[in-house]
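Novice: These protein sequences, in sequence, are chains A and B.
Position one of the first sequence corresponds to residue 3 (this note's numbering), numbered consecutively onward.
Position one of the second sequence corresponds to residue 3 (this note's numbering), numbered consecutively onward.
Don't take every hint at face value.
Unchecked claim - Derived, one-sided and incomplete: chain A residues facing chain B with beta-carbon distance under 8 Å: (1) V84; (2) T96; (3) D103.
To be verified - Computed footprint of chain B on chain A, listed as stretches where at least three residues anywhere in the stretch have a Cβ under 8 Å from a Cβ of chain B: (4) 47-61; (5) 73-83; (6) 112-119.
Said to hold, decoys possible - Label-pair distances were calculated between CB atoms; the ranges are: (7) R40/A with A37/B: 42 to 52 Å; (8) R47/A with G34/B: 23 to 33 Å; (9) F44/B with G29/A: 50 to 60 Å; (10) K27/B with F12/A: 21 to 31 Å; (11) V171/B with T19/A: 13 to 23 Å; (12) N6/B with H35/A: 24 to 34 Å; (13) A45/B with T19/A: 29 to 39 Å; (14) G264/B with T19/A: 50 to 60 Å; (15) A33/B with H35/A: 50 to 60 Å; (16) T132/A with F42/B: 33 to 43 Å; (17) S38/A with A45/B: 53 to 63 Å; (18) E115/A with A37/B: 48 to 58 Å; (19) A89/A with E48/B: 13 to 23 Å; (20) N53/A with T170/B: 29 to 39 Å.
Worth flagging that the hints you see were computed from the coordinates, not collected in a lab.
Backbone N, C-alpha and C fix where the C-beta goes; we use that ideal spot for every residue, glycine too.
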Amino acid sequence: MSPDEINAMFGLVLVLTLLVATFFIGGALERRHYASIRQREQNYRNFLAINFSHLSPDWQIESTELARGSIVISVDYFKRFVALLKAIFGGRLTTYEPLLDRARREALLRMIEDAKSKGCNAVINVRLETSRLANATSGNRERLAGVEMLAYGTAIRTRPGVD
Amino acid sequence: MRFNSRLPDEDVNVSRQHPAVEAIKLTVGIAGLLAIIILFTFALIEVAMRFVSPQTESSLFSEWNFAELLPIDFEANEIQGLQGLTNRLSRYWPDTPYTFTIGVLNDPRPNALALPGGTIAVTSGLLDQLDTENALAFVIAHEIGHFRNRDHLRMLGRGVALGLLLMTVSGNDAGLVSSGVIDLTSRSFSRQQETAADTWALEIVDREYGHVAGALGFFEELLRSEATSSRLGSYLTTHPATDNRVEQLEELANERGWETDGRTRPLNW
Chain A
3 MSPDEINAMF GLVLVLTLLV ATFFIGGALE RRHYASIRQR EQNYRNFLAI
53 NFSHLSPDWQ IESTELARGS IVISVDYFKR FVALLKAIFG GRLTTYEPLL
103 DRARREALLR MIEDAKSKGC NAVINVRLET SRLANATSGN RERLAGVEML
153 AYGTAIRTRP GVD
Chain B
3 MRFNSRLPDE DVNVSRQHPA VEAIKLTVGI AGLLAIIILF TFALIEVAMR
53 FVSPQTESSL FSEWNFAELL PIDFEANEIQ GLQGLTNRLS RYWPDTPYTF
103 TIGVLNDPRP NALALPGGTI AVTSGLLDQL DTENALAFVI AHEIGHFRNR
153 DHLRMLGRGV ALGLLLMTVS GNDAGLVSSG VIDLTSRSFS RQQETAADTW
203 ALEIVDREYG HVAGALGFFE ELLRSEATSS RLGSYLTTHP ATDNRVEQLE
253 ELANERGWET DGRTRPLNW
């Protein structure tokens with residue numbers, strides 16, 4: 003085999019190995035993250051996090067604060083590869099959907115954790131913001147396919163004894 | 003106001019398609035699409051080739067300096083002998099539109115190439131490997147056979163088409179020339195094209211020497227050393243030399259009544 007063929011072969015083996023490895027590793031990490039997300043959502047299910055911007059007049063607010071939770075997250079090589087192929091034909095980028103779903107839920111959970119740590123018992127006017135990291139290295143073929151998801155809202159502490 | 007606390011619905015925002023299934027579907031789909039594009043392009047090349055006469059081809063490629071593109075030496079010591087042999091062999095294609103020029107490609111792997119415009123290249127490795135003029139004549143006649151069937155043009159077209167396609171798919175615009183031209187050295191002709199060139203070459207060798215002895219010596223040598231030398235790998239991939247191929251040619255010689263015994267001429271220059 004000529005050096006070029008060896009190079010090409012090496013590249014192909016590397017890509018295939020990466021695809022197989024990241025399929026399993028990325029899949030396991032995703033399942034683990036989802037398990038953590040579900041567990042915490044269950045724990046905080048009675049914590050009020052809503053996107054009303056106006057308070058109900060019967061609420062007695064003791065103090066307000068800004069609560070925020072953010073996450074920077076990326077998909078694995080395998081899912082990016084599948085999305086790249088899918089982008090040729092178009093359609094739902096099904097391998098990216100769990101990434102954004104995880105990002106939204108994790109950001110909200112972190113926002114709730116932030117509010118709780120500040121002694122608040124609800125967050126109102128919740129907003130979600132996304133920024134992508136993809137263009138940070140544009141021009142480079144190995145673009146970083148990541149997003150930042152930010153959840154923020156007004157954390158409130160109600161007077162004791164008020165529901 | 004009542005606050006209904008409900009856990010998020012898992013199925014709304016995320017497709018339940020397994021990524022492996024998706025990957026397989028997409029890979030198969032894209033491979034199929036590429037195959038269709040390639041077949042269609044190859045069919046187009048066959049049509050386009052009819053509109054390119056050998057005269058047009060010669061004038062198109064006369065500008066190409068193969069000595070620069072590939073390390074081909076047109077002034078090697080052996081050139082006189084090689085060119086003389088080539089001229090003698092090309093006489094058997096009287097109305098040839100090509101003026102054949104032969105050069106030595108500096109490469110240790112035994113191989114021979116048919117390049118657009120009538121240029122033939124034999125590698126220095128091939129010249130080292132051969133001991134008889136008859137075997138060399140067969141190899142050169144074989145390349146002339148490729149010109150008769152215009153395999154070289156077909157391969158150039160396919161090379162450029164595949165290069166362009168690869169460029170589009172990978173988004174890498176480097177090396178169009180190398181994928182189209184330089185890779186001619188490693189792109190293989192089909193079995194059918196090889197058989198056609200072989201048949202013509204063997205007939206020419208018989209007409210030139212009055213027998214075909216020694217003509218297949220090179221293939222027999224290849225077969226013998228196939229197991230021991232990996233240096234021969236390249237010729238085997240571009241010109242698959244199998245037992246079957248030698249057998250086929252021996253059969254052909256029997257069929258046509260070509261003499262298989264005779265005096266071979268040694269190569270001396």
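Novice: Would you check whether V84/A satisfies its interface hint, that is, whether its CB is within less than 8 Å of any CB in chain B?
Specialist: holds (5 Å)
Novice: Evaluate the given range 23 to 33 Å for the C-beta pair formed by R47/A and G34/B.
Specialist: For R47/A and G34/B the Cβ distance comes to about 48 Å; the hint is violated.
Novice: Take a look at whether the Cβ-Cβ distance between T132/A and F42/B falls inside 33 to 43 Å.
Specialist: holds (42 Å)
Novice: When you take the CB atoms of K27/B and F12/A, is the distance between them in 21 to 31 Å?
Specialist: Hint holds: Cβ distance 28 Å, inside 21 to 31 Å.
Novice: Just tell me: holds or violated, for the beta carbon distance of N6/B and H35/A against 24 to 34 Å?
Specialist: Distance hint for N6/B, H35/A holds at roughly 26 Å.
Novice: Mind checking the hinted window 48 to 58 Å against the Cβ distance between E115/A and A37/B?
Specialist: Roughly 53 Å apart at Cβ, these two residues keep to the hinted range, so it holds.
Novice: The hint says 29 to 39 Å between N53/A and T170/B; measuring C-beta to C-beta, is that right?
Specialist: violated (45 Å)
Novice: Count the residues of the region 73-83 of chain A whose Cβ falls closer than 8 Å to any Cβ of chain B, and tell me whether that reaches three.
Specialist: holds (count 3)
Novice: With respect to the beta-carbon atoms only, verify the hint that G264/B and T19/A lie 50 to 60 Å apart.
Specialist: Once the Cβ atoms are compared, 56 Å apart, the range 50 to 60 Å for T19/A and G264/B holds.
Novice: Just to be careful: measuring from the Cβ of T96/A to every Cβ in chain B, is the smallest value less than 8 Å?
Specialist: Interface hint status for T96/A: holds (4 Å vs cutoff 8 Å).
Novice: Checking hints one by one. Is D103/A an interface residue toward chain B, by the C-beta closer than 8 Å rule?
Specialist: Holds - the Cβ of D103/A comes within 8 Å of chain B, reaching about 5 Å at its closest.
Novice: Are there at least three residues in the region 47-61 of chain A whose beta carbon sits under 8 Å from a beta carbon of chain B?
Specialist: Check passed, 5 qualifying residues.
Hint compliance for this structure: hints 6, 8, 9, 15, 19, 20 are not met, and every other hint is.
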